Structures are given as C-alpha cells and as structure tokens.
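**Q** Sequence:
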Amino acid sequence: MAETIKTITDRGQFEEIFLKFFQNREVFIKTKSGDLYIQFLGYSDGNVAFRIPRVKNVPDSIVALTRLGDNTIYASLKVLDSNEDTFTFLPVKFQIISEKRKEERTDLGQTDGKNILFVTGVISESMIQASLESSAKKLDQVKDKIASDLKGRFERTKVVFFNETRIDSRMKYFKETWAPLFVKDYSSNAADQKNKDLRFYMSEIYSKDYKLASQKELISEVSVPFIYKGMIPYGYIQVNNSKPMDDNHITVIKRLAVMINDYLVKEQIFVPSKDRFLVIDISKKGLGIVFKDRRQLRYFVKDSRLVLEMSLPDSNKVTMMVLVRNTIFHESGSIKVGLEISNIDAISEANYDEFLDEMKK
0 MAETIKTITD RGQFEEIFLK FFQNREVFIK TKSGDLYIQF LGYSDGNVAF
50 RIPRVKNVPD SIVALTRLGD NTIYASLKVL DSNEDTFTFL PVKFQIISEK
100 RKEERTDLGQ TDGKNILFVT GVISESMIQA SLESSAKKLD QVKDKIASDL
150 KGRFERTKVV FFNETRIDSR MKYFKETWAP LFVKDYSSNA ADQKNKDLRF
200 YMSEIYSKDY KLASQKELIS EVSVPFIYKG MIPYGYIQVN NSKPMDDNHI
250 TVIKRLAVMI NDYLVKEQIF VPSKDRFLVI DISKKGLGIV FKDRRQLRYF
300 VKDSRLVLEM SLPDSNKVTM MVLVRNTIFH ESGSIKVGLE ISNIDAISEA
350 NYDEFLDEMK K
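The opening residue of the sequence shown carries number 0 in numbering that gives the first Met the number 0; numbering runs sequentially from there.
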C-alpha cells in the first residue's frame, strides 16, 4: 500500500519535475500489453517531447512513468504533435507515489556468470485447459474409471474438469484454497449454525448447485480437487450421500484424486512450454525473466498463474507457482516480465532460500 500520494497540477513546477525524475532515467508508458520504453527528449515552453521507438501513433492521452528510489512518478499527458517516432505532449498533472520497496532483488547480470539461471517447463492455466480439451477421450475414460471404482459406495458421484464449465462455485473454491470440501451432514436438523465452514458451504456452494439442492435426501459431501504439481487445481471429484460421512470417506476420495492426477501426468496430458527463459533478477518473493521472441508473450498474460521450474547451479530444482505482475518492452527489443512467487513446495523453498543466502555473501 502506498505511504503517500502527492498530486501536482501547478505548471510552474513541471519543468523541475521532468528534469529531476525523467531526464537520463528509464521512462515507460502504460499499454494493454505492458510497459513500453520511451526516451525523454526535453521540456520547453510548457510542452514535453518523448521518443517512442517503433511507434507512429499514440492515444490522445497517455501516462508516462518512471521511478526514483521509493518514488513512482506518473505524468498525465495529452498528445499535441508527432514526427516519425517523436511526440510532443501537453503535461496535465503529476502523481508522485511514495512506497517503500518490500525487498531488494539480486541482479544476476552483475554476478560472475556462474549463477546463470533459466526458467523452464512453463505451463499456465490456459495451457492446462487446452491440454484437457484436446484429451477429451482420455478424460471420459478417467470418468468411467472413477464411476466404476465408486459404484455402490456413494449415491451421487460427479467428476468435473475446469475446461467443462466457466462458472463453478466448487472450482472457484479450489482455486483459492487447494483444500478439499468435507461436510459430514448438512441436513437442516443437524446443521450447526455456528459452524463458519458449514455456513460458507451452504451459502456459497450448496445454494448454487441447484441439482444437488433439489435432492433433499442427500445430506453429506466430499469433494477433492485434482492439482497439477500441487499448485494449479484443474478439476475435482464430488460424492454425496444420504447418510453422514466420516474421515474414511474423505481418505478414499483423496487417494483416488491423487491416483488420477498421477495417471494424467504420466500420460503426458499436460504439455509445458519447451522454451527456456533467462532469469535476470531474483528475490524471496519474486523474479524477473527476459526474452526477445514476442510470440512467447502468450505465456505471460498479466495476473495469470503459471507453474515453472528453475534449475539452480547446484543442480537442485525449484518448482513454484507465480503470478504475472508486469511486462516491460525495452528499446533493444528485449521483453522483461516480473513474476511474483505465490506458492512453492517445502523442498523447493529450502533450496531456493539457500541459493539466495549464497548470493548475498
């Protein structure tokens, strides 16, 4: 959260701000694809000029930004004129947002070359969805297998993969928690109104499952997600009964979900990218990668979740889930993507922390 936000509309201060914050610094404009590098050329007679490489047209209004220390400076600009890739703008206002950085990143470009890291095996939710869609026959076989294994043990059995539905309250829950749903008895007589988990289930899950809600005789549920590498849920097994269920029931469904997940991975249903991406900076909570092939941008949609692997110099591998936070387009043609680490398994975290500690020495 920003500590202070200062808005400046006094035109008498504009030249000083441009010279202090924009001159001889990296400056960018916001675009739908990411932050595009631009070059500050100067300020004169109330107007400012920027060079925007390989761009001939810009919107009527843009926002240019730069950073200095803990400050991020945004300049709101209206286009006045252009000549090739040089544009003249009328500055409207500035916003200076002060926020202390959560952590410093280690620049791997400044090392002795022994710590070159690459990210491989990138796979996103959209890639997993495409993999599922192209494997419909195999998934039908999986559903038949589950139905056969559970026949006679539960009164309702359902298997859902997330490519089959856009709106699914259970899938939404699994994406947020990775945790199974286990309701021993949600009948009106037995329901404990003080049970927070049960109230959530009844209001956010049960009430939106109209088919289940119409079958009043069913009073218990176990639902367990399939999770790719323990990080991206992509479907689930759901069972319901007319009698209360216990821990043995959830154990059975958990084991079956793990078995099916292992089978789908072994069958190479999921196809990660074969590309590798150079890591240029790292920290406890994130990393930056760089590449030049614009076709690879399809993997890095803003705010999307990815699973990837990183091979450390000691041959240990780190598997993590990351969120795509920002993309920067440099004049050289290189593209930098900032990734925030949102999940990492215990062994990978230990290996990663050890590497970070070595880098600081």
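Keep in mind the hints are simulated off the structure, nothing from the lab. Computed from a predicted model, the values in this text were never measured in an experiment. Incorrect hints may appear among the rest.
What the hints assert, rightly or not - Label-pair restraints from in silico Cβ distances: (1) K207 with M258: 25 to 31 Å; (2) K77 with K265: 55 to 61 Å; (3) S331 with E98: 41 to 47 Å; (4) L89 with D352: 47 to 53 Å; (5) K77 with A135: 47 to 53 Å; (6) D143 with A212: 41 to 47 Å; (7) L67 with R294: 33 to 39 Å; (8) G151 with E353: 47 to 53 Å; (9) N325 with T250: 38 to 44 Å; (10) S97 with I166: 54 to 60 Å; (11) D352 with R152: 50 to 56 Å; (12) K207 with E83: 33 to 39 Å; (13) E339 with D59: 31 to 37 Å.
Unchecked claim - Subject to a maximum C-alpha distance of 20 Å in a straight line, what follows is the list of computed PhoX-like cross-link-like pairs (lysine-lysine): (14) K29 with K157; (15) K142 with K253; (16) K171 with K228; (17) K228 with K210; (18) K316 with K301; (19) K253 with K301; (20) K29 with K77; (21) K77 with K92; (22) K99 with K253; (23) K77 with K157; (24) K19 with K5; (25) K195 with K210; (26) K55 with K29; (27) K137 with K242; (28) K171 with K157; (29) K301 with K174; (30) K253 with K31; (31) K265 with K150; (32) K31 with K144.
Backbone N, C-alpha and C fix where the C-beta goes; we use that ideal spot for every residue, glycine too.
**Q** Next, verify each hint and record whether it holds.
**A** Going through the hints against the structure:
1. K207 with M258: 25 to 31 Å: Given a distance of about 29 Å, which is inside 25 to 31 Å, the answer is holds.
2. K77 with K265: 55 to 61 Å: holds (58 Å)
3. S331 with E98: 41 to 47 Å: Violated: the Cβ-Cβ distance is about 28 Å, outside 41 to 47 Å.
4. L89 with D352: 47 to 53 Å: holds (50 Å)
5. K77 with A135: 47 to 53 Å: Check passed, 52 Å falls within 47 to 53 Å.
6. D143 with A212: 41 to 47 Å: Hint violated: Cβ distance 27 Å, outside 41 to 47 Å.
7. L67 with R294: 33 to 39 Å: This hint holds: roughly 34 Å between Cβ atoms.
8. G151 with E353: 47 to 53 Å: Holds, at about 50 Å.
9. N325 with T250: 38 to 44 Å: holds (43 Å)
10. S97 with I166: 54 to 60 Å: The hinted range 54 to 60 Å is violated for S97 and I166, with Cβ atoms some 41 Å apart.
11. D352 with R152: 50 to 56 Å: violated (44 Å)
12. K207 with E83: 33 to 39 Å: violated (56 Å)
13. E339 with D59: 31 to 37 Å: For D59 against E339, whose Cβ atoms are near 33 Å apart, the range 31 to 37 Å holds.
14. K29 with K157: Violated, because 45 Å separates the two Cα atoms, which is more than 20 Å.
15. K142 with K253: holds (15 Å)
16. K171 with K228: holds (18 Å)
17. K228 with K210: Given that 20 Å is the threshold and the Cα spacing comes to 32 Å, the pair is violated.
18. K316 with K301: Distance of about 25 Å is beyond 20 Å: violated.
19. K253 with K301: Violated - the C-alpha atoms of K301 and K253 are around 33 Å apart, more than 20 Å.
20. K29 with K77: holds (14 Å)
21. K77 with K92: holds (10 Å)
22. K99 with K253: This hinted pair is violated, its Cα atoms lying about 43 Å apart.
23. K77 with K157: violated (56 Å)
24. K19 with K5: holds (16 Å)
25. K195 with K210: violated (24 Å)
26. K55 with K29: holds (16 Å)
27. K137 with K242: violated (33 Å)
28. K171 with K157: holds (16 Å)
29. K301 with K174: Cα-Cα ~17 Å, so holds.
30. K253 with K31: violated (41 Å)
31. K265 with K150: Violated: K265 and K150 sit about 25 Å apart, past 20 Å.
32. K31 with K144: Violated, at about 44 Å.
Hints 3, 6, 10, 11, 12, 14, 17, 18, 19, 22, 23, 25, 27, 30, 31, 32 from the earlier list are contradicted by this structure; the remaining hints agree with it.
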